[in-house]
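Chain F is already provided as a structure; the job is to place chains S, U and E on it using the hints.
Quick mapping for you: the protein sequence lines, in order, are chains F, S, U and E.
Heads up, the final residue of the first sequence is numbered 346 in this note's numbering, and it's a clean run with no missing numbers.
Heads up, the final residue of the second sequence is numbered 1346 in this note's numbering, and it's a clean run with no missing numbers.
Heads up, the final residue of the third sequence is numbered 2346 in this note's numbering, and it's a clean run with no missing numbers.
Heads up, the final residue of the fourth sequence is numbered 3346 in this note's numbering, and it's a clean run with no missing numbers.
By construction, these hints were calculated from the structure, which means they are not laboratory data.
Keep in mind that the hints are not guaranteed to be accurate.
Just so you have them, the derived chain E footprint on chain U, three or more residues with Cβ under 8 Å [as the list claims (entries may be wrong)]:
(1) 2015-2029
(2) 2049-2059
(3) 2062-2068
(4) 2095-2102
(5) 2192-2201
The calculated label-pair distances, taken between Cβ atoms and stated as ranges, are [unchecked claim]:
(6) F:Glu338 <-> U:Ala2131: 54 to 64 Å
(7) F:Ser79 <-> U:Lys2310: 46 to 56 Å
(8) S:Pro1336 <-> U:Asp2132: 29 to 39 Å
(9) S:Asp1277 <-> U:Val2298: 50 to 60 Å
(10) E:Pro3318 <-> F:Phe288: 29 to 39 Å
(11) S:Pro1229 <-> F:Thr257: 39 to 49 Å
(12) E:Thr3157 <-> F:Arg289: 42 to 52 Å
(13) U:Ala2120 <-> S:Glu1127: 27 to 37 Å
(14) E:Pro3318 <-> F:Arg289: 37 to 47 Å
(15) S:Thr1226 <-> E:Tyr3130: 14 to 24 Å
(16) S:Glu1190 <-> U:Lys2310: 57 to 67 Å
Every residue gets a Cβ at the ideal spot worked out from N, C-alpha and C, and that includes glycine.
There are 4 protein chains.
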Amino acid sequence: MDSVKKLAFASDYMKGAHPRLLQRLVETNLQQTGGYGQDPACESAAAKIKEACGCPEGKVVFLMGGTQTNAVMIDAFLSSWQGVIAAQTGHISMHEAGAIESAGHKVITLPQEQGKLSAADTALYMEKFYADETWPHMVCPGMVYLSQPTEYGTLYTRKELQEFREVCDRFGLALYVDGARLAYALASPENNVLLPDLAACCDAFYIGGTKCGALFGEAVVIPDGTRLPHLFTIMKQHGAVLAKGRLLGLQFDELFTDHLYEQIGAAAIREAVRIQDAAEKKGRKLLFRSPTNQVFCVMENDELQEFGGKVSYSFWEPYDEKHTVIRLATDWGTLPEETDALIDLL
Amino acid sequence: MDSVKKLAFASDYMKGAHPRLLQRLVETNLQQTGGYGQDPACESAAAKIKEACGCPEGKVVFLMGGTQTNAVMIDAFLSSWQGVIAAQTGHISMHEAGAIESAGHKVITLPQEQGKLSAADTALYMEKFYADETWPHMVCPGMVYLSQPTEYGTLYTRKELQEFREVCDRFGLALYVDGARLAYALASPENNVLLPDLAACCDAFYIGGTKCGALFGEAVVIPDGTRLPHLFTIMKQHGAVLAKGRLLGLQFDELFTDHLYEQIGAAAIREAVRIQDAAEKKGRKLLFRSPTNQVFCVMENDELQEFGGKVSYSFWEPYDEKHTVIRLATDWGTLPEETDALIDLL
Amino acid sequence: MDSVKKLAFASDYMKGAHPRLLQRLVETNLQQTGGYGQDPACESAAAKIKEACGCPEGKVVFLMGGTQTNAVMIDAFLSSWQGVIAAQTGHISMHEAGAIESAGHKVITLPQEQGKLSAADTALYMEKFYADETWPHMVCPGMVYLSQPTEYGTLYTRKELQEFREVCDRFGLALYVDGARLAYALASPENNVLLPDLAACCDAFYIGGTKCGALFGEAVVIPDGTRLPHLFTIMKQHGAVLAKGRLLGLQFDELFTDHLYEQIGAAAIREAVRIQDAAEKKGRKLLFRSPTNQVFCVMENDELQEFGGKVSYSFWEPYDEKHTVIRLATDWGTLPEETDALIDLL
Amino acid sequence: MDSVKKLAFASDYMKGAHPRLLQRLVETNLQQTGGYGQDPACESAAAKIKEACGCPEGKVVFLMGGTQTNAVMIDAFLSSWQGVIAAQTGHISMHEAGAIESAGHKVITLPQEQGKLSAADTALYMEKFYADETWPHMVCPGMVYLSQPTEYGTLYTRKELQEFREVCDRFGLALYVDGARLAYALASPENNVLLPDLAACCDAFYIGGTKCGALFGEAVVIPDGTRLPHLFTIMKQHGAVLAKGRLLGLQFDELFTDHLYEQIGAAAIREAVRIQDAAEKKGRKLLFRSPTNQVFCVMENDELQEFGGKVSYSFWEPYDEKHTVIRLATDWGTLPEETDALIDLL
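Just chain F, with the same shape it has in the complex:
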């Protein structure tokens, strides 16, 4: 297992789970409960999440992964003739192998900046759409998809989110936020979007587990619990109902006990800040100063082979002929000494 020996900054889903989650699974292993999410752990986790989000009347369901969650939720909100607006760099636009289209929905891509869509661009698109009298011949947008943090690790502000809400209200769009890495947004010193803000602005959003310390799992929050009464069947139709649903409930119950989810985010942010501080100090160029756990560093092509022998990283994009942007991701389990070792290598 060669990769074990390298410093592991390739992504935030390369280890197992935060030990407290695993411990919880071990302790409850022989208990016998209902299946398909009908069990006390799911109930307890949902209650804690609703409280944290300030939406006691909401509904919380647990799914297994990000692509699955996006596919289910977008399909659940859209009618067959509707599409979803997303940034060109959105996960659903790029890296979900057409999961949205496979349910018949077009992903309508708009330009982005550092992964962020703007409410103004979205409003402009919608105005032009309905101004064109041939609009019934076109895919009608029914939803806006955002990621918080974005695929570039950047953040929407509360004000920006509220602007999206206004645009969505104006044009009859649902607002959905993909929070695959939400822990890292919540823990960012630059962030002012809290869980209750998401609940106040979104028709639905999800709190990521897979990339934030769980073995796997995402918790979808639908602030108005009267929406989507047939969501279970839609999940089942997508093959997205876990038989032993309690595995998801147990993990999220633990994540929302004693602020563990916040701690997980904070640990990763702390290390990402240290990496960026050190990189700048050492004269390394950053693509931009990232507010979350993904650090984008410009490296010379010539040094990458040696660096790659010691550090697992992700290729991001070419920078110029002689340089490459790489991504270094921290997570809940990044040890300060690993960061130290990485800094030495920069």
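Same frame as chain F, now just chains S, U and E:
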């Protein structure tokens, strides 16, 4: 958690995992590996499974649950204009919320007996299909779906499976076997279909984990590994790729170490046999003598409420005005003393 | 063109159009109008149809063929997780190549008698469905599909239709009637379901043109015109919007001028009655006495080859080892002398 | 019918059919033939088209409209996990209401110039696609979609088409050409892509009828007739098989008799050239000099209302704050005196 106190025979996915699997997850938790099934554990598990199946040139992939596996594999084998033949009682016909249809494929249902389809009926259907000159106006079958054991716990024999293979060859159909509870088939004294027989007869089949001792997960075997070169993308499109794919690899690697998968099946069969022996001795009517881990017992409606207060069971179907068929399922973790207590109540 | 010389009773879509329709196309050929159904002829036809149906607040749209119409309308009414109930012999169950499934909807088939579904069976199915606590794991019915006349040429009575309406109201189902051959129902002496009855009972139905004297085209009636506000886009998504939509409007405008649609039906029924009277008189066995334009006659297998050399007919089904049921269909253009010649051959 | 009185340059599908086609329908109206495209007229038309294309071993099928044809053919060639590359301005990208996505296929849009995609851009996209090791997580292109002429009326040259063929061969892509307005390409003095060139370069293309003088209908040519053996079923599944298929056969048989299709194109081109010559002479700005039947003229916003009272035109796009680009389309039936009257108004 009220349900804990009852004797738990409602189904075989009500507990966590066999302790050895959980132990394996704990031990490897901090290791850092590649994602999406590209890791040493998946590689090792695949190698062990291919060896057990006698198909060294095969391909093994891991998915998260049964409905998802069926949806992915049926979609992977069929062209857009094809459908899949299944028993009316098949899981894909009844309890998957239209997952197959949602990918555009009709489930063509044929009559069954105790959950079993017959090769002769299938051949007859195909003969009539092509004899009807309007067949291009109809959904063209492209696959036969069987369950081993069936949803009634019954078993196909090796000879029956070979007959299906012949019918499939004759009419250009893929043969796919859903092995959600395969451990219990393999361990049944009445069974003569071994893993190499499945590999010899099927275009693909899956070895069930979720209902056979894993936290979750199913291992798909494609004996001819050159088939379905784009399976990963199809899985991704279905939201069926687990980011931390090693969780599946680790579990199946353990299941196929030191015959654990066989032992899990054997333990459940032993208890099922004891229940059926005792029931018959006590004059209880069985719907039929089940060869696997699902026992179908005819109960008086009047006694069900009290019985249900002490035992978790599944309602199966009405028997007559005064009687009901219930299902009692054993699993890897059913303790002999639980069986004793159940027998006392019968 | 060998088939021209035979007596043509194979089906009711073997000729062109009623001459009045063709004349109308010729007369208006050089007029320039809006496309996609936005033209005076469509407007006029819709107005006449709404008047004939007694639903002035309704909506009428024109599509190109039966399979297309069924696919569009069923998809328009159903949510992604819903299916449609139909007779096992329903056109959508059998002869539409999975068009319904290709939009993700299961066709849930119930037993039939001479092509007819019963409201009681439908109610029973729905009761059992919701009585089963696992129903969220199953495809939820959202519509009942009936054909008037059925694929066997039989008719629902007004009372039966009203019973379906009650069942649909009780279980939240839409009621949709496929009227591919509606002219022949309306003209049948046994029929008591008039256009206003269909409008009163159905959420939508269509008035068939293709098999009732038009070159092609079906007119969908949605009695409550506020339903399906995005139907145009759904049609477009299905490739079901005719650029020169006026071709459909012109034909239906003519069909609903001076009772032409009724006359077309009456002519076909008159000849079908004559054929059946003669057949019975000659001791020929009918599968049953058909109330509409499709006659089902039991023939000896030995005589079919010679008969088939003189008459175009459709094979229907085997009757017994020595006999076959054939279908003879009359239409608007069946000449009395053709019927005479056919009778001579019986 | 207010629109009749205006000069009609709004589009090329505002009238009925070329009189010779209508005459053919009238003459054959009472003939009785097989349905669903199995008739002598379809056979004859297919033979003439194959001869004109120089692909005697090819297959020709007839569909009802452009969106339907694109949806069927793209679905027929692609596997479930594949997408289609198109210009951002391609008809399938913009104006087909998501018909391609509704069958599960992503439309992958690339930049264009005056409606044209470039083979070099396509090759670059494919190179980058496979260079990215995460490509199995993305929609895999399986086809290139071009329009000849494009939605802007521009033309690919034979050399450009051959370059696309090379790129497609290199990356395993099918090449499909949408010829909705092919008659106008073939008749353009700037065109050097003849029918045999299309047959030599494409996996499939269609010869447009609806916008080129037919009542409706498009003829798909598949130069290698052994491809897509189940195309009929795919068409049926899309609701795209016309019961009286001969209507399509008769029209295309006539279009390919005595060079009618060429004459139709030539008449429209002649008038388009006259309009453009006159516009330039009068100092009118053209968006560009169009080689086909769609003329794009820059008009002052202030004059549009009066102009629009006399001429039916299509809004194309804003030019600047004070100007608008309008589209004027000629067709087979545009009379020289209509063009004269239009020129007077420019």
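Outcome of the hint check:
{"no.": "1", "hint": "2015-2029", "result": "holds (count 9)"}
{"no.": "2", "hint": "2049-2059", "result": "violated (count 0)"}
{"no.": "3", "hint": "2062-2068", "result": "holds (count 5)"}
{"no.": "4", "hint": "2095-2102", "result": "holds (count 5)"}
{"no.": "5", "hint": "2192-2201", "result": "violated (count 0)"}
{"no.": "6", "hint": "F:Glu338 <-> U:Ala2131: 54 to 64 Å", "result": "58 Å, holds"}
{"no.": "7", "hint": "F:Ser79 <-> U:Lys2310: 46 to 56 Å", "result": "53 Å, holds"}
{"no.": "8", "hint": "S:Pro1336 <-> U:Asp2132: 29 to 39 Å", "result": "33 Å, holds"}
{"no.": "9", "hint": "S:Asp1277 <-> U:Val2298: 50 to 60 Å", "result": "56 Å, holds"}
{"no.": "10", "hint": "E:Pro3318 <-> F:Phe288: 29 to 39 Å", "result": "35 Å, holds"}
{"no.": "11", "hint": "S:Pro1229 <-> F:Thr257: 39 to 49 Å", "result": "45 Å, holds"}
{"no.": "12", "hint": "E:Thr3157 <-> F:Arg289: 42 to 52 Å", "result": "49 Å, holds"}
{"no.": "13", "hint": "U:Ala2120 <-> S:Glu1127: 27 to 37 Å", "result": "35 Å, holds"}
{"no.": "14", "hint": "E:Pro3318 <-> F:Arg289: 37 to 47 Å", "result": "39 Å, holds"}
{"no.": "15", "hint": "S:Thr1226 <-> E:Tyr3130: 14 to 24 Å", "result": "20 Å, holds"}
{"no.": "16", "hint": "S:Glu1190 <-> U:Lys2310: 57 to 67 Å", "result": "60 Å, holds"}
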